[in-house]
Structures are given as structure tokens and as C-alpha cells.
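Given these sequences and hints, build the entire structure.
Protein chains: 2
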Amino acid sequence: MATPVTEGAVGTADLKTVRELAQQLRVDSVRSSTSAGSGHPTSSMSAADVLAVLVARHLRYDWDNPEDPANDHLIFSKGHASPLLYSVYKAVGVVTDHELMNGYRRFGERLQGHPTPILPWVDVATGSLGQGLPDAVGVAIAGKYLDKSPYRVWVLCGDSEMAEGSIWEALDKAAYYQLTNLVAIVDVNRLGQRGPTEIGWDLDRYAKRVEAFGARAVVIDGHDIDAIDAALADAEDASRPTVILARTRKGEGFSEIADKENWHGKPLPADMAARAIVELGGERDLRVRGPVPGPELPRPVPVQRPRITLPTFELGTKVASRKAYGQALAAIGARTDVVALDAEVSNSTHAEDFGKVHPERFFEMFIAEQQLVATAVGLSVRGYVAFASTFAAFFSRAYDFIRMAAISQVDIRLAGSHAGVEIGADGPSQMALEDLAMLRAVHGSTVLYPSDATSTAKLVEVMADLSGISYLRTTRGAYPVLYGPDEPFAPGGSKVLRRTDADTVTLIGAGVTLHESLAAADTLAAEGVSARVIDLYSVKPIDAATVLEAARATGGRIVITEDHYPEGGLASAVLAALDDSGLPLSVRHLAVRSLPGSGTPVELLDAAGISAPHIVDAARDLLR
Amino acid sequence: MATPVTEGAVGTADLKTVRELAQQLRVDSVRSSTSAGSGHPTSSMSAADVLAVLVARHLRYDWDNPEDPANDHLIFSKGHASPLLYSVYKAVGVVTDHELMNGYRRFGERLQGHPTPILPWVDVATGSLGQGLPDAVGVAIAGKYLDKSPYRVWVLCGDSEMAEGSIWEALDKAAYYQLTNLVAIVDVNRLGQRGPTEIGWDLDRYAKRVEAFGARAVVIDGHDIDAIDAALADAEDASRPTVILARTRKGEGFSEIADKENWHGKPLPADMAARAIVELGGERDLRVRGPVPGPELPRPVPVQRPRITLPTFELGTKVASRKAYGQALAAIGARTDVVALDAEVSNSTHAEDFGKVHPERFFEMFIAEQQLVATAVGLSVRGYVAFASTFAAFFSRAYDFIRMAAISQVDIRLAGSHAGVEIGADGPSQMALEDLAMLRAVHGSTVLYPSDATSTAKLVEVMADLSGISYLRTTRGAYPVLYGPDEPFAPGGSKVLRRTDADTVTLIGAGVTLHESLAAADTLAAEGVSARVIDLYSVKPIDAATVLEAARATGGRIVITEDHYPEGGLASAVLAALDDSGLPLSVRHLAVRSLPGSGTPVELLDAAGISAPHIVDAARDLLR
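Those protein sequence lines, which keep their order, are chains A and B.
With full-length UniProt numbering applied, the first sequence corresponds to residues 1 to 624, in that order.
With full-length UniProt numbering applied, the second sequence corresponds to residues 1 to 624, in that order.
The hints are simulated quantities; they were obtained by calculation from the structure and are not laboratory data.
Ideal placement from N, C-alpha and C gives every residue a C-beta, glycine not left out.
Heads up, a few of these hints could be off.
To be verified - Simulated coverage check for chain A against chain B, where a stretch passes if three residues somewhere in it have a Cβ under 8 Å from a Cβ of chain B:
#: 1; stretch: 231–239
#: 2; stretch: 324–337
#: 3; stretch: 439–445
Stated by the list, open to error - Only pairs whose alpha carbons sit at most 27 Å apart, straight line, appear in this in silico BS3-like list of lysine-lysine:
#: 4; chain 1: A; residue 1: Lys266; chain 2: B; residue 2: Lys318
#: 5; chain 1: B; residue 1: Lys356; chain 2: B; residue 2: Lys148
#: 6; chain 1: A; residue 1: Lys356; chain 2: B; residue 2: Lys148
#: 7; chain 1: A; residue 1: Lys266; chain 2: B; residue 2: Lys266
#: 8; chain 1: A; residue 1: Lys318; chain 2: A; residue 2: Lys356
#: 9; chain 1: B; residue 1: Lys208; chain 2: A; residue 2: Lys208
#: 10; chain 1: B; residue 1: Lys266; chain 2: A; residue 2: Lys318
#: 11; chain 1: A; residue 1: Lys356; chain 2: B; residue 2: Lys260
#: 12; chain 1: B; residue 1: Lys144; chain 2: B; residue 2: Lys356
#: 13; chain 1: A; residue 1: Lys260; chain 2: B; residue 2: Lys356
#: 14; chain 1: B; residue 1: Lys318; chain 2: B; residue 2: Lys356
What the hints assert, rightly or not - Far from chain A, by Cβ distances over 12 Å, these chain B residues were calculated:
#: 15; residue: Leu315
#: 16; residue: Glu549
#: 17; residue: Pro613
Set out below in C-alpha cells:
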């Protein structure tokens with residue numbers, strides 16, 4: 001029944017010890033949350049038995065070397081059960097009781113309300129429900145297909161989060177990619193925050209759903225240590241991903257609150273905590289570790305980073321930046337750590353160019369954008385350089401995952417094609433018009449919006465080494481190549497494409513509106529008006545110095561044009577850069593201000609007031 | 001087998017006519033997309049038989065009176081099959097062949113690339129996959145529980161979109177709410193955009209998933225008119241929501257492309273189109289209508305709008321704005337068209353206050369934020385005033401739904417609690433720090449962020465009559481009531497809380513940072529510095545006149561403080577309002593610039609640099 005212990009294992013506790021450990025985890029969950037005055041003890045107590053068995057006998061993890069690539073992964077999808085996780089850390093000896101009692105949920109401490117990778121044993125931040133399992137799918141894909149290492153990915157889910165569609169995207173992909181290295185344990189304690197869940201303890205209904213999505217469902221009593229141990233052992237030999245549905249009671253172990261409503265997210269008052277600890281058999285100080293991955297287990301092969309030869313493009317030829325994206329991605333794929341993902345539109349985003357030359361590192365996520373981003377997050381946990389692409393508009397489907405990825409402090413790269421009204425006939429549902437705002441507001445993000453093929457290719461190469469969330473916005477249509485192959489591009493940069501000492505107005509654009517701005521500058525030049533033109537390809541961080549210099553040089557007269565709604569995009573970035581300039585500003589902000597429909601790109605750019613003639617008019621108006 | 005026709009029905013076509021109609025729909029799908037030079041004829045041809053049977057014999061719809069509340073609803077979740085939908089409109093006689101051939105996907109025309117409610121027969125915009133069915137669940141909830149009208153909601157889904165988690169959120173809720181009035185038809189043509197779907201023609205796998213989620217699955221040959229007719233008739237008497245899984249062939253009817261890859265989203269070239277039309281039996285000009293809802297069918301009872309008595313709050317007492325939200329919502333619930341939805345956190349958002357007094361108009365969506373917003377959209381289709389609440393951070397889960405709701409031009413109200421670092425110990429996963437940016441960037445949105453209980457209550461009442469997407473950001477902690485019960489609040493307004501003729505600096509805040517700004521002004525006043533303080537409760541639209549006047553009066557010296565990441569929020573709105581002022585600006589922008597952790601609200605506000613002492617420092621710095 002016990003899991004085979006590999007060479008180098010610390011040892012495997014017997015089930016009697018595991019029972020004691022489970023009670024200790026409950027006691028410590030109560031103690032830590034009561035000491036903090038907040039937290040979720042009851043949601044921890046329901047899963048304590050499962051965690052005790054897992055950690056003591058099945059999780060193959062070297063607690064002294066969390067960086068060992070052969071370690072199993074443990075992801076708390078129900079991140080609010082952090083008292084349980086931190087009590088586990090105490091039990092394995094990596095967190096002291098003092099830290100547990102004085103650090104939990106306190107300012108400046110690492111034992112935060114919900115787990116984040118500030119802790120070396122945490123892969124991803126959780127706390128927005130329904131994300132841990134999708135992230136785990138990404139880690140498991142890395143394990144099976146890239147690392148080719150036998151580590152397992154264990155996930156603790158809550159039953160309430162089974163209502164999130166993302167859980168089913170994850171199980172669908174787990175089955176599609178035959179992730180036998182993935183084991184999810186659902187803590188079915190039947191009580192959500194404000195009352196009973198939809199499905200309660202009808203575990204067969206969960207099982208039917210799980211099986212229908214192609215995973216193996218195992219129903220157990222989540223407080224029966226023997227049953228848990230058997231189920232976990234069994235999961236290690238599964239031919240499908242496994243979902244263990246554990247029937248549990250919220251607050252198990254303390255009769256005053258067990259299986260009672262209105263105890264979600266509430267620490268026990270001191271007197272109740274004292275009674276709970278007594279009922280749980282008092283405080284313990286067990287130190288228990290389970291197996292560790294032995295040295296004989298295969299570790300991933302080192303990454304190969306050959307010299308990259310980027311595609312080059314002839315000046316003036318018309319190339320869509322999305323096409324340059326695909327070609328550049330294929331080129332940097334010479335690095336064996338680069339992985340591409342797409343949501344069933346790779347022939348539009350041109351990620352298929354990568355898939356054709358590196359099929360072993362291309363993963364189709366089908367139309368499941370949440371899982372698309374989650375897979376990138378999971379791959380990043382294992383050090384892969386993941387690029388995820390879809391229509392720019394559809395990253396809005398995964399905004400919560402992007403937001404959480406920033407808290408996870410992973411490095412992921414998103415490429416959104418078909419931005420703005422420029423896409424034409426397909427209409428507004430396919431037009432990204434809020435993506436710049438959305439991505440700029442992500443903590444620590446980099447937002448890039450190149451205007452030509454050369455800059456796109458260069459920035460794709462740069463993105464591979466960027467940390468945090470980086471986003472590349474590409475354009476559907478083909479526009480002239482503006483830069484030669486030796487021109488450098490970097491986050492925080494910009495290019496001044498027109499510049500004289502006599503400039504009286506600055507035109508700022510990016511993507512399609514840069515081309516419109518250049519055309520406008522030509523028209524103005526013919527009228528004797530000298531306009532400075534800035535390619536603001538790095539929307540975040542912004543090249544504030546160049547913008548400021550231009551603003552100074554042109555008397556604060558700036559026309560900013562963007563194929564985006566007015567809020568949060570290019571102009572917002574420019575104004576923020578100038579907010580303390582002390583310059584009197586006269587800005588004309590051309591953006592998409594009404595709901596667009598179908599049409600040709602030219603018609604739609606013009607109707608939105610962001611085409612060259614409108615830029616010319618705005619500049620004239622400023623100079624009147 | 002035929003559906004019972006009610007009084008006033010136009011008549012029901014026989015199946016021979018239906019077969020002809022199906023071929024006409026195919027021909028017209030080919031013709032319209034070829035004439036437009038873009039569109040999705042093959043995705044239309046696969047579903048033509050299903051639509052012909054539905055429209056001619058089952059859909060109870062008065063085409064001359066789309067506003068009849070007893071009409072059935074027809075939602076194209078696979079919005080890219082718009083040629084089919086518009087060909088149906090031609091067949092029932094509400095769109096001319098001329099419009100179909102000259103308006104489709106053209107600039108300024110209503111037959112857009114993907115359907116939008118610019119057309120009177122379209123309920124919601126589709127085109128972002130996996131949204132039509134969730135929206136339909138909202139309409140069906142309205143029909144069953146609020147309108148109490150026997151109309152049915154028919155949805156055409158694509159098979160590719162079954163990979164979206166939102167589909168499963170929708171079916172879960174359809175079963176939970178026993179929506180027997182909901183019939184989804186999945187056009188299983190096995191081919192996505194770039195190749196085969198995950199599941200192909202394994203209809204049993206779809207059926208297992210559908211049944212596991214509690215709906216009734218019916219598997220049919222989607223090109224067998226008799227089978228379709230039987231299945232649709234059967235669906236009308238179902239005791240569960242029905243999902244008809246129709247095995248179809250993409251491009252059915254034209255042998256050169258039927259069931260072939262690489263024909264997604266491509267119009268046929270003229271010569272192929274001509275051959276297709278020949279193979280389909282040539283052009284037809286059938287006019288076919290199905291049954292209409294008879295006058296004997298119950299219509300919804302008129303809305304009651306009694307006088308609302310809002311809760312009042314004593315000046316200076318501390319009340320959390322989320323609490324005021326719940327109380328105000330309960331109060332305006334006296335209007336019988338007000339409906340509240342929540343995602344299993346109603347005891348935190350305080351939407352439970354509404355649920356307690358109006359349980360028949362409160363719908364629990366559990367932890368499924370996409371369905372939360374989609375249900376609001378569906379309710380809005382039927383004229384209900386839906387308020388949807390959850391933690392502000394978790395609306396990011398539904399951003400694509402919010403974006404599409406704006407294209408649907410529905411009126412929905414979102415209330416997000418627990419904004420910013422102010423929430424304290426729970427940590428960053430629960431902190432909305434990008435919600436203002438996200439919501440401001442939605443077309444036509446209104447973004448409100450009240451600082452006290454009075455303004456919150458007033459704004460909740462105002463929101464009930466707002467059009468478009470409106471968003472209310474509420475705060476976790478309790479802060480002093482600032483306004484008396486007679487103070488008016490409206491979108492586009494602001495309040496100047498400190499003002500003298502000697503003001504030298506302006507402090508702008510909203511929510512918790514307004515209270516910090518007031519404290520800072522008191523400190524500055526003690527030093528002899530007179531600061532103007534603005535409560536910018538309407539972030540969008542912004543009260544530009546008041547901001548401009550303050551900027552002028554205080555020499556362009558402004559301290560803007562927000563519990564939000566720096567991008568796209570309060571400061572972004574203020575700077576946009578001043579971008580053409582010609583004023584030399586000296587703005588200090590205090591916002592959350594590093595990743596927060598756990599702590600007390602006071603600790604976290606201070607660590608983020610957005611507490612009163614930091615505001616004081618910034619003001620001093622500006623005046624140095």
C-alpha cells in the first residue's frame with residue numbers, strides 16, 4: 001500500500017504516525033489562524049487527513065532542495081486553506097512554530113493569507129479559485145513532454161471551485177494530453193463561503209463529470225487514512241489523470257463547528273480554539289518527512305541556446321506584424337526552452353510557424369483561453385519560456401489568470417493578434433480595443449506594440465528573456481517595413497522617425513496608427529509644418545525622456561493616436577509620463593470613441609477618427 | 001411530430017418545404033459571404049438543416065413584432081455562422097436579398113461580421129465563443145422565474161466552443177435552475193479553425209459530459225430533417241434543459257469542400273460559389289415562417305416601481321460602503337424589475353441583504369463569475385435591472401463577458417467589493433488593483449467609486465436607471481459617513497470637500513484614499529497649507545470642470561492618490577481630463593507600485609505609499 005520509496009528517501013511514516021500528523025495539522029491550523037485573527041481553519045481541517053497522508057507517504061519532495069527538478073509539485077488550488085499548507089511546512093521542518101504563530105497573515109511576512117511563491121515551496125499564487133488545477137496542467141505538460149521526468153503534480157482543490165469553468169478546461173486538457181502524472185484531490189466538504197455548495201456530498205455527480213471529461217474519478221472517505229493512502233498509491237500507477245473525490249467535513253475534528261454553516265473564513269475565538277485543541281488531542285510537535293526523489297530519477301536535459309538567426313525584412317515591403325511574430329517565434333525556437341501555445345487560431349496568429357518546425361514544443365490549447373494562460377504559467381514554473389497566442393481580444397477571457405500570474409511572479413509571454421478596428425469586416429467582437437489598458441494595469445508587466453515586421457521580430461527575441469508578464473500586440477494587416485535588420489529595440493525604448501529642429505507638433509502612434517501618423521506628417525510637411533513622429537512601440541515601460549523632449553521641443557503640442565478605446569492605452573501612458581513635466585500641454589487624443597461595426601480597415605480607421613486625415617486636422621487645430 | 005401551433009400562428013411548413021429551405025439557407029450563405037469577400041460559409045452550411053427545421057416549425061416568434069415578450073429567443077452562440085442567421089432573416093422576410101448581398105460585412109451596415117443587437121431580432125452580440133449559451137441561461141432564468149412566460153430559448157453552439165469552460169458553467173446553472181425552457185443545439189461539424197476539434201465526431205463523449213452536468217443529451221444526425229424535427233419537438237416537453245448534439249459536416253451540400261480542412265472562415269471564390277449553388281439546386285426565394293406566440297400565452301406582469309426609501313446613515317459613523325450597497329440594493333428591490341446575482345460571496349458583498357427580502361429575485365451563481373455576468377446580460381435582454389456582485393478582483397474572470405456585454409449594448413450593473421490593499425490580511429489574490437482600468441476601458445461604461453455609505457446608497461439607486469455597463473467599487477472596511485441624506489450624487493459628478501480661495505494644492509482621492517486625503521488636508525491645514533480636496537466618486541465619466549477649476553486654482557499642483565495600480569485608474573482619468581488644459585501640471589501620483597502582501601489595512605496603505613502621511617509629503621514636495 002505504501003508508495004515505493006526511492007533511494008535517498010528520508011523514510012515513510014506509518015499510518016499511526018500519519019493520524020497523529022493529521023491532528024497536528026488541524027491543531028496548528030486552528031492555532032495559526034486564531035493567532036492571526038483571520039484565516040480559514042475549517043477549510044484546512046477538512047483536508048488535513050489527505051495532506052497528512054500525501055506529505056508523509058507519497059509526495060516525493062526534497063524539502064532541503066526545493067529547486068530539485070525531480071521534486072513532485074504540490075499546488076493548493078484552494079489557496080484559502082493556507083493554514084493547512086503552512087502547518088505542513090512546520091511539520092516537515094521548513095517553517096518554525098514561531099513563524100507560524102507570529103508570521104501568518106502579518107505585514108512583511110511570507111506566510112501570507114493565500115500562498116504565493118515568495119515561499120520557495122510554492123509554485124504559483126492561488127486564492128482566486130479554479131486556477132491551481134489549470135496551472136498544474138501546465139506543470140504536468142512540462143513534466144511529461146519537456147522535462148520527461150517522472151515527477152508528479154498533486155493538487156488540492158476545494159469543492160466550491162468545481163463550479164468554475166476553468167476546472168473543466170483543465171481536466172479536458174489533462175485528459176487530452178494524457179497527464180497521468182497529475183493527481184487532483186477534491187476536498188468535498190460540501191460547504192462554501194455562504195452556505196452549501198450546489199452539489200453537496202453527491203460525490204457520484206462529481207465523479208460522473210470527472211469521468212466524462214476523461215479523467216479517472218476515485219471516491220473516498222476523506223477522513224479514512226487507509227482509504228486515502230490506498231487512493232494516493234493507486235493514483236501513481238494510473239493510465240489517466242486522477243481526480244480523488246474525498247468526502248470530508250468542514251471543521252472536522254472539533255465537534256462544535258464540524259459540518260456547520262457560518263464558519264467559513266473565520267478563526268476560532270481563543271476559548272473555542274482552546275477547546276478545539278483539547279478535542280484534537282492537544283498540541284504536538286511531530287516532524288515528518290516523506291520520500292525524496294532519488295538521484296537515479298532522470299533530471300531534465302540542459303537547455304540548448306544556439307545563436308538565433310532572426311528573420312529579416314526588406315524596407316518598404318508590406319508584412320503583417322503577426323506574420324513576423326510567427327517567423328521570429330519559429331527562429332527563437334532554436335532555444336530548446338522556448339515553447340509555444342495557441343488557442344486554436346495559430347493560422348491567424350501565425351504561431352503555427354513555430355508548430356511546424358518545433359512540433360514537440362507546440363501545444364494546442366483549443367478554444368480555452370484560461371487554460372492557454374494557465375499552461376504558460378505552469379510551464380514557467382518549470383523554467384520554460386512560454387509564448388501564448390490568440391486574438392488580442394480573447395486574452396480578456398483570461399484576465400484573472402494574467403493578474404494571478406503576476407502575483408505568481410512567473411515569466412510568461414502573451415501575443416495578441418487582430419488588434420483594434422484595423423481588423424475590418426469581422427466586427428467588434430473580434431477587435432481588441434481594451435487590451436492595452438488591461439495589460440498595462442498588470443503588476444510589473446511589459447506592453448509592446450510594434451509597427452513593423454523588423455521591430456516585431458526583434459521584440460519577440462527580447463521577450464524570451466523578459467521577466468514578468470510581457471504582452472505583444474500585433475496587427476492583422478500588412479504595413480511597410482520601417483526598420484533595417486540592425487536597428488535595436490528594447491522595452492522602454494521608442495523611435496523618433498521624423499525630427500527636425502523646427503518641429504512644432506509631435507505625433508505619437510504605435511502599430512497601425514504609427515503608419516497613419518507618418519502619412520499625416522508627410523501631408524503636414526507639404527504644408528510647411530514640421531512634425532516630430534514617435535514610434536511608441538514600448539507602451540510600458542514608456543520612453544519618458546523621448547516623449548518629454550518632444551513635448552518640450554514642440555510647445556506641448558501632441559497628437560496621440562491609438563487603435564484602442566480612449567482609456568488606459570497609449571495616451572494614458574504618455575500623459576502619465578508628462579504628469580510632472582510642468583509643461584503646458586495641448587494634447588489631441590485620437591482614439592476609438594464609438595462602438596465600431598464591420599467595414600474595411602481603411603473605412604473603420606477613418607470612421608473612428610484615427611486615420612491620417614484626422615491626425616492632420618488635429619495637428620492643424622493645435623497650430624491654429 | 002410537428003410542434004403545436006398556437007393561435008395566430010402563420011402556419012407550419014411541411015418537411016419537404018423545410019428541406020428546400022435548408023438548401024436555400026446554404027445557397028444564401030454562400031452567396032452573401034462570397035459577395036462580401038469574407039465570412040464563414042462552411043460553418044453556416046453545417047447547421048442549415050437544423051436552422052431550417054427550427055425556424056419553420058418550432059421557433060415561436062412573431063417576426064413582425066420582435067418586442068413581443070412571449071417570443072421565443074434564438075441565440076447564435078457560434079456567431080461566426082452569421083451568413084446562416086442572416087439567410088434565415090431573408091427567408092422569414094425581414095431582410096431583403098438586396099441587403100443580404102450588399103450589406104453583409106459592409107461599412108455602416110447592420111449585417112455585421114458577427115451578429116449584434118443592432119438587429120432587432122438579435123438578443124446579444126456573439127463572436128467571442130462560449131458566451132451565447134451562458135447569456136441564454138440568463139434569458140431562460142428570466143423566462144422561468146421572473147416573466148413566468150412559456151417562451152423557449154434556443155441556442156446554436158459550435159463544437160469548438162465546447163472547450164470553453166464557460167459552456168460548462170452555463171450547463172451547470174441550467175441544470176441547477178432546471179431550465180426546461182432552454183434548448184442548445186451543438187453543430188458538431190468536427191472541424192475548428194485550424195483543424196479537427198479535440199473530440200471530433202465522438203458524440204457520445206459530448207453526451208456524457210452534457211448528462212454529467214445535468215442536462216439531457218440527444219444525439220442526432222444533423223442533416224436528417226426528420227430526426228431534427230423529432231428532436232426539437234421532443235425538447236419542448238423536456239423535464240431538463242436539452243442539448244441536442246447534431247452530427248454534421250462542415251460545408252455540407254457542396255462536395256468540393258464538405259468535411260474538408262482549411263475551409264474555415266473562407267468565402268468561396270466566385271467560380272466555386274457558382275458550382276456550389278448548382279450542386280445545391282440553384283437559388284431559391286422561399287418565404288417561410290413558423291409559429292408565433294398566440295395572444296393566449298401569458299405575458300409578463302407590468303413592473304411595479306413604488307417610491308424607494310433609501311437607507312440613511314448618520315454623519316461621522318463608520319459604515320463600510322459594501323454594507324451600504326447591500327442595504328441600498330435591498331431598498332431599491334421594491335422595484336419589481338430589480339434582480340440581484342452573486343458569486344457565492346453575498347455575505348461579503350452584502351448582496352445577501354437583498355436576498356433576504358427579495359429571495360424570489362436573488363439568484364446564486366456560485367463560484368462562476370463568467371456565468372454571473374452572463375446571467376446579468378440575459379436578464380437585461382428581458383428588461384430586468386440586474387446587479388451582479390462579487391469581490392472586485394474576480395470580475396477580471398469575466399472581462400471578456402463584460403467587453404461583449406458592451407457590444408450587446410445591454411444595461412448591467414456590477415458591484416465589486418474588497419478593492420485594493422485596504423482589504424488587509426487576505427493578500428494580493430483578493431485585492432482588486434486593476435479593476436478601475438479594466439472597467440474604464442469598456443465602451444460606454446460608468447465607473448463609480450464612492451467613499452461613504454450615503455454616496456454608495458445614492459449611486460446604487462442611480463445605477464438602476466443607467467444604461468450600459470456600470471460598475472460600483474466598494475470598500476471592505478468601515479469609514480466615516482461624509483454626506484447627509486439630501487446630498488445628490490450622479491455619474492459625472494464630484495464633491496469638493498475642502499475649498500478656500502487660498503488653496504495652493506489639490507488632493508484627489510476616492511474610496512479609502514479620499515479619507516486619507518482628508519486627513520492629509522487636516523495636517524497640512526495645521527501647517528498653514530490650504531488644500532482643496534475632491535471626492536472623485538465618478539471615475540468615468542469624470543467631472544472635468546471641477547478638476548480643471550481646481551488645477552487652475554492651485555497652480556497645477558495636484559496629488560492624486562488611489563488604492564489601485566498606477567495604470568488606468570483615478571490618475572489616468574484626471575490626466576485625460578486635463579490633457580488639453582494648457583496648464584503646466586505638477587502632479588504627484590500615489591498608487592500601489594509594488595506587489596502587496598498581507599497586513600492590516602493601515603500597514604498596507606502606508607507601505608503602498610497611499611496613506612495620509614505620504615499625501616502630506618507629496619503636497620509639501622509640490623509646494624517646496
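Check the structure against each numbered hint from earlier and tell me which ones fail, lowest number first. When the structure is compared with the hints, numbers 1, 2, 6 and 7 turn out to be violated.
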